[in-house]
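Asker: Heads up: the sequence lines are chains A and B, in that order. By my numbering, the letter at position 192 of the first sequence is numbered 1469, and the numbering carries on one by one without gaps. By my numbering, the letter at position 122 of the second sequence is numbered 126, and the numbering carries on one by one without gaps.
A couple of the hints might just be wrong.
[Said to hold, decoys possible] Result set (DMTMM-like, lysine to aspartate or glutamate): computed pairs, CA atoms no more than 20 Å apart in a straight line:
id : chain 1 : residue 1 : chain 2 : residue 2
1  : A       : K1460     : A       : E1423
2  : A       : K1337     : B       : E166
3  : A       : K1633     : B       : E166
4  : B       : K98       : A       : E1496
5  : B       : K161      : A       : E1554
6  : A       : K1577     : A       : D1629
7  : B       : K98       : B       : D40
8  : A       : K1460     : A       : D1497
9  : B       : K161      : A       : E1608
10 : A       : K1492     : A       : D1520
11 : A       : K1537     : A       : E1602
12 : A       : K1342     : A       : E1554
13 : A       : K1293     : A       : E1655
14 : B       : K104      : A       : D1629
15 : A       : K1337     : A       : D1520
16 : B       : K38       : A       : E1608
17 : B       : K98       : B       : D115
18 : B       : K161      : A       : D1629
19 : A       : K1337     : B       : E155
20 : A       : K1587     : A       : D1408
21 : A       : K1530     : A       : D1520
22 : B       : K98       : B       : E155
23 : B       : K161      : B       : D110
24 : A       : K1337     : B       : D162
25 : A       : K1337     : B       : D40
26 : A       : K1461     : A       : D1497
27 : A       : K1342     : B       : D13
28 : B       : K98       : A       : D1520
29 : B       : K98       : A       : E1423
30 : B       : K38       : A       : E1319
31 : A       : K1460     : A       : E1554
32 : A       : K1577     : A       : E1554
33 : A       : K1652     : A       : E1319
34 : B       : K98       : A       : E1527
35 : A       : K1488     : A       : E1424
36 : B       : K104      : B       : E51
37 : B       : K104      : A       : E1608
38 : A       : K1342     : B       : E166
39 : B       : K161      : B       : E87
40 : A       : K1633     : B       : D13
Keep in mind the hints are simulated off the structure, nothing from the lab.
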Amino acid sequence: MAHLSPTPALEPGQDKTMILNMGPQHPSTHGVLRVLLEIDGETVVRMMPDIGFLHTGIEKTCEAKFYHQVVPLTDRIDYLCPMTNNLCYVLAVEKLLGLEIPPRAQWLRVMMNELTRINSHLVWLGTHAMDIGAMTVFLYCFREREEILRLFEAISGQRMMTSYFRIGGVALEPPLDFFDRVKKFADIFPGRVDEYEGLLTGNPIWVMRTKGVAKISAEDAIALGASGPTLRGSGVDIDLRRDMPYSGYENFKFKVPVGKEGDVFERYMLRVAELRESIGIVKQALEGMPSGPVKANAPKVVLPDREKMKTEMEALIYHFKIVTEGFAVPEGEVYQAVESPRGEMGYYVVSDGSAKPYRVHMRSACLANMQTLPKMCEGRLIADVVAAIGSIDIVLGEIDR
Amino acid sequence: MPLAPAVTDIEQLKGHPAVARLVGWNPQAVTGVKFDRDEMTIYVPREAIREACALLRDDANCPFNYLSDITCVDWYPSEPRFEVVYHLLSIPHKERVRLKVRLSGDTPALDSVTSVWPGANYFEREVFDLFGVRFNGHPYLRRLLMPENWEGHPLRKDYPVEGYR
């Protein structure tokens, strides 16, 4: 947080340039990003993002919680894709424990994870378009997002902070009509994507504001640590779901859209294509949904069913022990990465053999993606800065943690 | 599924491209290895980290060309106290490797890898901010998340979870 520093981070040069302070309350910075811009007229000469306004010390808090108590904290890091965070954390702990997850739970996780991706991309598309001046798209996107949030509420009881994935499986069996509702949504959604595209893709104003704007080459994107659509937009073909599969993604068929221009328009096209691929994965998950338990058979780690807890002594004892003293995790360390809507999200969990994690570190895709901003914006107009920030789909909660 | 025990014998792990490359360059550049839960960890001495990263990035057989993450673990009160952890990814080969540097508790410092990957910039600033580990040669080593005038480094283990009151 450079705002408390005695000297400004950037010094204006020889009366030609001035420093413009954008944010942290600027609506187009998607939260509390502050950007220091050195400008010459309307041209950006230098740019420096400044973060830390939303720092809540989640990594430190994790060290004082039991392993299962960390799951709700992970929701709050990236509030647009809570289930992706849940998934990454529980996969890391399950890897530490060496726990096998039943297929139905894996399928449910994949399905919910893809719905989360759609949810996140819809918020991105709506706000990104609004930043650039297309108001209507926002209303369209939030119409479908509302439907997804209702699905989340049905399955987990919460619209946003779901905490639905648990160590060893998922929290509950979905309600009876849940799959029918998902199916209904999956059937109408591709038509809705056509509507968004009808508003934007061929729109001359949209194209002028995005084509050729905020370009970044593949070499620069790799060197700066960009990932997800920001990296694929520059032509680097990597998607962790396909290349390093986790949670049963190897059983699903989907295409990974890759661009080549590396501009705002390319990243927009990629994410729209991802919307279509994601709904395809949801449909596959619905069709192939295996039956069976949704939790692993590991009584020392997974909370027992309420029914059993009230009728069996042993289940009650396990429940009491897990809630009051957690469960010990064998010593070791694990880095688990998943493909979040923004790129490579990684959890590095270190265990010292006790019931509380010794260290939990989140690799934030946004933090790395944000480092590409100066490269994208320097030499361009201030209005392009807004387009560039939107195009990397920035979420400050994830950056500051 | 019982966990397989970790392999720490360097002779057994020489087949791994990253270990082979580093040992081939300088046998002193690898002070230890660990293969645990399908993840490869290589311990690198403090002086060698920048060159080790540059070598792995430009390796012709299996280039670890992408820096995923830099973080740190504090093992207070044991010594060496800090472990700086680098996660590298090979985009062409879809392989991961973890490099670790052990640092003593008094004035922990090591070379910055920003000259190898410019993207290390904010990761190193975060580690400096939260652990107080200095990175020599970093272009702009200042606090990232905490206010400039903050005292102490919150993620150190001797820093209370509730903060100082």
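Asker: Would you mind confirming whether the straight-line C-alpha gap from A:K1460 to A:E1554 stays at or under 20 Å?
Answerer: The hint holds at about 15 Å.
Asker: Mind checking the alpha carbons of B:K161 and B:D110 for me, to see if they're no more than 20 Å apart?
Answerer: Cα-Cα ~14 Å, so holds.
Asker: Assess, step by step, whether the Cα of B:K104 is no farther than 20 Å from the Cα of B:E51, and give holds or violated.
Answerer: Answer holds: B:K104 to B:E51 is near 12 Å, not above 20 Å.
Asker: Between B:K161 and A:D1629, is the straight-line Cα distance small enough, at 20 Å or below?
Answerer: Distance of about 13 Å is within 20 Å: holds.
Asker: Has the given pair, A:K1342 with A:E1554, been kept, meaning a C-alpha gap of at most 20 Å?
Answerer: violated, 37 Å
Asker: Given the hint that A:K1293 pairs with A:E1655, does the C-alpha gap stay at or below 20 Å?
Answerer: holds, 16 Å
Asker: Checking one constraint from the list: CA of B:K38 to CA of A:E1608, max 20 Å. Satisfied?
Answerer: The hint holds at about 13 Å.
Asker: Would the pair B:K98 and B:D115 pass a check requiring their Cα atoms to be no farther apart than 20 Å?
Answerer: violated, 27 Å
Asker: Is the Cα-Cα distance between B:K98 and B:D40 20 Å or less?
Answerer: Cα-Cα ~18 Å, so holds.
Asker: Check whether the Cα positions of B:K161 and A:E1554 lie no farther apart than 20 Å.
Answerer: violated, 44 Å
Asker: For the pair we were handed, A:K1461 and A:D1497, check the Cα-Cα distance against 20 Å.
Answerer: violated, 42 Å
Asker: Next pair to validate is A:K1337 with B:E155; report whether the Cα-Cα distance is within 20 Å.
Answerer: With a Cα-Cα distance of about 16 Å, the restraint between A:K1337 and B:E155 holds, given a limit of 20 Å.
Comparing the model with each earlier hint shows violations of hints 5, 8, 10, 11, 12, 15, 17, 20, 22, 25, 26, 27, 29, 30, 32, 35, 40; every other hint is respected.
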